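From first to last, the protein sequence lines are chains A and B. Under our numbering, read the first sequence as residues 1 to 613, first letter to last. Under our numbering, read the second sequence as residues 1001 to 1528, first letter to last.
Some hints could be false.
Said to hold, decoys possible - Taking lysine to aspartate or glutamate pairs in the EDC-like style, the calculated list, with each CA pair at most 20 Å apart, reads:
id : chain 1 : residue 1 : chain 2 : residue 2
1  : A       : K330      : A       : E425
2  : A       : K507      : A       : D556
3  : A       : K120      : A       : E169
4  : A       : K507      : A       : E425
5  : A       : K119      : A       : E70
6  : A       : K119      : B       : E1366
7  : A       : K120      : B       : D1110
8  : A       : K374      : A       : E482
9  : B       : K1302     : A       : E70
10 : B       : K1030     : B       : E1144
11 : B       : K1302     : A       : D556
12 : B       : K1302     : B       : E1450
13 : A       : K120      : B       : E1366
14 : A       : K119      : B       : D1444
15 : A       : K506      : A       : E403
16 : A       : K528      : A       : E406
17 : A       : K528      : A       : D321
18 : A       : K120      : B       : E1450
19 : A       : K119      : B       : E1066
20 : A       : K119      : B       : E1357
21 : B       : K1492     : B       : D1196
22 : B       : K1302     : B       : E1357
23 : A       : K330      : A       : E403
Please keep in mind that the hints were generated in silico from the structure rather than gathered at the bench. As the structure is a prediction and not an experimental result, all values here were calculated from the model.
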Amino acid sequence: MWLWATIKAPGAPESIHSTITLFGNSWISVSGFHADFAFTVDHLTAIMLGVVTCVGFLIHLYSVGYMAHEEGYWRFFAYLNLFMFFMLVLVLSANFLLLFVGWEGVGLASYLLIGFYFKKDSAANAGKKAFIVNRIGDFGFLLAMFLMISHFGSLDFATVFSAVSAHPEWHGGFLTAIALLLVVGATGKSAQIPLYVWLPDAMEGPTPVSALIHAATMVTAGIYMVARSHVIFDRSPYALGVVAIIGAATAFFAACIGMVQHDIKRVLAYSTVSQLGYMFLACGVGAYTAGIFHLLTHAFFKALLFLAAGSVIHALSGEQDMRKMGGLRKRIPVTFWTMTMGVFAIAGLPPLAGFFSKDEILFQAFVSPNPIGKLLWLVGLITAGMTSFYMFRLWFKTFFGEERFEEHTDHGHGHDDHHGHGVHESPLVMTLPLMVLALLSIIGGWVGVPAALGGHDEIGAFLEPVLSPAVTVTEVVSHSTELGLAAVSVLVALLGLFIAYALYYKKPGTAASYAQKFPALYRLVDNKFYVDEIYQGVIVTPLLMFSRLILGTIFDGGVVGGAGYAAGASTRGLGSLVRRIQSGNIRSYAGWLALGAAAVIAVMIFGHSLWLH
Amino acid sequence: MNLDHNILTIITFTPLVGAIVLALLPDRDKLQQWGALAVTLLTFLFTLHLPFHYNSAVPAGSFQFEQSCPWITSPAIGYHLGVDGLSMWFVVLTGLLAPLGVLISWRAIDSRRRLFYVLFLLQQVAMLGIFVSLDLFLYYAYWELSLVPMALLIAAFGRTENRRRAAIKFFLYAFIPSAILLVAVLWLYARTGTFDYPRLAELAVSHGISSNPTALWLASLAFLAAFAVKVPIFPLHGWLADAVSEAPTAAVMVIAGKLGLYSLLRFYLGIFPGQAHRIAPLMIALGAIGIVYGALLALVQKDLKRLAAFGTLGHVSVVILGIFAFTVSGIDGGIYQTLNEGIGGSALFMLLGLLYERYRTYDMREYGGLAARLPWVVTMFVLTALSVTGLPLLNGFVGEFLVLSGSMQSTISHHIGWTTLATTGVILTASYMLWMIQRVFYGDLGPRSESITAPDLELREHLALWPLVALFLFMGVASPVFMNVIDTAGTKIAERVNHIQAVNMNFDASAKPAATTQTMTASTKGAR
């Protein structure tokens, strides 16, 4: 089945330099509204296609090895390809409605794959949660589309964007409403505050799924959508500000939680949320190119990290708790070395991919005209240090120190794997994708080396025709500032590395004693700021209670049902009256009915002078 | 032989003749089942004649396959049949659902089969008659006929000892407003001297029915009440949950939705366009509230059938919102969504019915963990749930999207607020559907699903479900096939209603200039 993806991968038209649009059959067509199955390829789509097909192919390849011993092998690949189909529809669509098809479709595939181990309650719950939380986002997206139909009469990208371009006087107003509603949609899909809660739970799915859907591709759909509709966002500084603040807040918040997680996949999940926050931040300061650039590099190194984590889990027969790992460096060397590349890349150490893209975002935030641009930059910078810290924490805990795992367990935790036969390196079909992704994590950033570092920023030039920024501010800032900022972020990353080194390699256990000094704070962060509990307590439970008691019992049982009983009782009373007068058979019933009808007609025809006019 | 002039009569009378034949045949072996299957399949084949010979080039508003001859001269009752873009697919859908209903009842009804299938066929006669009648009196006859077999089906074949009560409740709920409807119909005749629908519709546009606005308003309310109970529109749904939870699957498939919704679109909007405009703000509010209310109550049900009943309330409310938005998108979407409700709701009730056949309970708490044991059932179930939830590329999305986008463009007051409220339905619907799937199919085995080992779908059930599942996908990706015809009718209805509105406004303008300014502002704001 992965051959399907193989065929698709070389087909990615990365060399296309103009927009190609294909109109298919009409899908929905009524008087006044029309939507086609129409696809378009431009530079932005080309990059997304490249990411989706390339990473998708590698993960398919990896899954062949990873899922080899699983029940439901064919089901897994069927769902995975369903996902690929919808993801490609999403990035290829030429109108918002078809984008929404892909949008919902990847959500469905995500639901099915998170709940892949449906016998486990936690997996079924996580799948349901992901779908419903995404639906909250879709609610915003749908309303945005309704508004667009009201104002533009169409959902075609070309029509909508040219209508906006043709009216330079449109600012804010309904465009802000549309943009904010689109942001609601994007926060759902791209796991931003306040709708990020589904993504950490989504780690219940098989690890290749976490790599493909919940790290590299699907969750970036929100960023893609914002970048795609940047024409609308550019007209609404307010909406952009919201995007930037959500992005920075999410990046910081998720990084905080990520620092104390023990489950290796959950660390990566919060890291994903945090990195998506960076991309949001980039879009929010108008640096869409930087956002897409980070999307690209993040797809490589985060897919790598997840797959490497999967390889670790595979090696340990399903163990995901980092407290039960350690010293794996020698036992699984390929996994170790490739994961090292991923960790260095995400930490933002030059010259790996993450450095260039993250630095570009921070730089753009710093120079943006946004009044709180400097604050956003500072939050981003601190988050960069935290990122470096929690990634190296993961690295040290997993690969260094003493071996804390038990060997020859017959069963893992029954999660990903059911075959235990000692710690072992994964087969080539799994390590090959790791190596390719490691290579991409190293060189992936070189397409966007800024002029300040002697590069040419190829990706910026490539995306120029689609994402031409509304305001260009780069000229006013000297290269030295840019270099200085880059140096600061590298220092912060190194600081994160050093702290992790001190706490988890030099003196393991120091971290625990620090945690004990601030028990309340630690518990708060450890419990993920109780956000799930708050949502449950403030929204879900009251809503269910309200429905059950007020609506179900009092209103539906009392008012609606009571009216029915009253009608029934009165008729029964009438019936017994009729029975008393007559024999109560059908004829008398019909007779009464006719008599009553005649009376009412008489009143209607002759008595209208009695009523007010 | 050219069937076009009497095909509608043939369609309506085939199940009637079938019912008479079945009544004369003995209730032995599988004779009744096969007989009913043959009759319903034949009817379905006849209904397929309509889409293949429908001439979409004919201008909107005129009827096709018309048959008209005087029946009773005094009072002037005609035997006038015809279909247009509004009713054609309803006829076909009714034709399709009947054989599937027979297939799904094959084993579920194991005694008094003759009674069951005769009533079932009579019910079909009534529904088909409602969709094709253009004479108001004839229509009313079929309308009344539709109540009796359904009430008897519930009373005779209900699931628990509550069936009598549910049947009486259903009958009273439907019958009392119907009696008032009859009064209004007779009043219309007294004013105009005709029962003929096309004639009445013409008169309505030219304000020729009555010059007494109060009487006209009351008559319109009588029509509305009868149809609203039948749909049902919130808060007149008191009968729904009881009737649905008692009635056998084949009856539940047709109990709610399309009869009432069709009648609203045809007769209420056709004869009382001005009054409809007046009450529209209330109706879109009830539609939006009904969506949320139905979904919220579905969310807290423990009984699968009651859950589906409240889900049904939510789905028909979507149609109400679309119809009373008075935009082309809204009305087209409403008609499409009515078809969807018929298909998706039927599939859902069929699946619940076959779960009941296996495990003898509708209590969700007894279920759990069935996905591994019944892979086909869970596949069908998830597909149905996705269709009902409105996943793009399945049929539900097309209707729901058109309705909601149509109501967003409406000119009725407060439409933006109500549309926003209604759109939360997409979250809530997904919630209760996924919750139900999880409770029934995922997790650990429940008490009942553990103790009973039941087989997966058998051939007969496959045959009953596949046509519907295929339609989910086909109607989801190829909506223009259906929409071309629907759109002609929808455009016509929207035009008529909005034309009346314009006339009324001019009338108001001369009478009460102050009030009009307000209306004008409101409508220009909405029209932007």
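Hint-by-hint comparison with the structure:
no.: 1; hint: A/K330 to A/E425; in the structure: holds, 10 Å
no.: 2; hint: A/K507 to A/D556; in the structure: violated, 64 Å
no.: 3; hint: A/K120 to A/E169; in the structure: violated, 55 Å
no.: 4; hint: A/K507 to A/E425; in the structure: violated, 28 Å
no.: 5; hint: A/K119 to A/E70; in the structure: holds, 14 Å
no.: 6; hint: A/K119 to B/E1366; in the structure: holds, 16 Å
no.: 7; hint: A/K120 to B/D1110; in the structure: violated, 38 Å
no.: 8; hint: A/K374 to A/E482; in the structure: holds, 14 Å
no.: 9; hint: B/K1302 to A/E70; in the structure: violated, 34 Å
no.: 10; hint: B/K1030 to B/E1144; in the structure: violated, 31 Å
no.: 11; hint: B/K1302 to A/D556; in the structure: holds, 15 Å
no.: 12; hint: B/K1302 to B/E1450; in the structure: holds, 19 Å
no.: 13; hint: A/K120 to B/E1366; in the structure: holds, 18 Å
no.: 14; hint: A/K119 to B/D1444; in the structure: holds, 6 Å
no.: 15; hint: A/K506 to A/E403; in the structure: holds, 15 Å
no.: 16; hint: A/K528 to A/E406; in the structure: violated, 29 Å
no.: 17; hint: A/K528 to A/D321; in the structure: holds, 17 Å
no.: 18; hint: A/K120 to B/E1450; in the structure: holds, 16 Å
no.: 19; hint: A/K119 to B/E1066; in the structure: violated, 57 Å
no.: 20; hint: A/K119 to B/E1357; in the structure: violated, 24 Å
no.: 21; hint: B/K1492 to B/D1196; in the structure: holds, 19 Å
no.: 22; hint: B/K1302 to B/E1357; in the structure: holds, 18 Å
no.: 23; hint: A/K330 to A/E403; in the structure: holds, 11 Å
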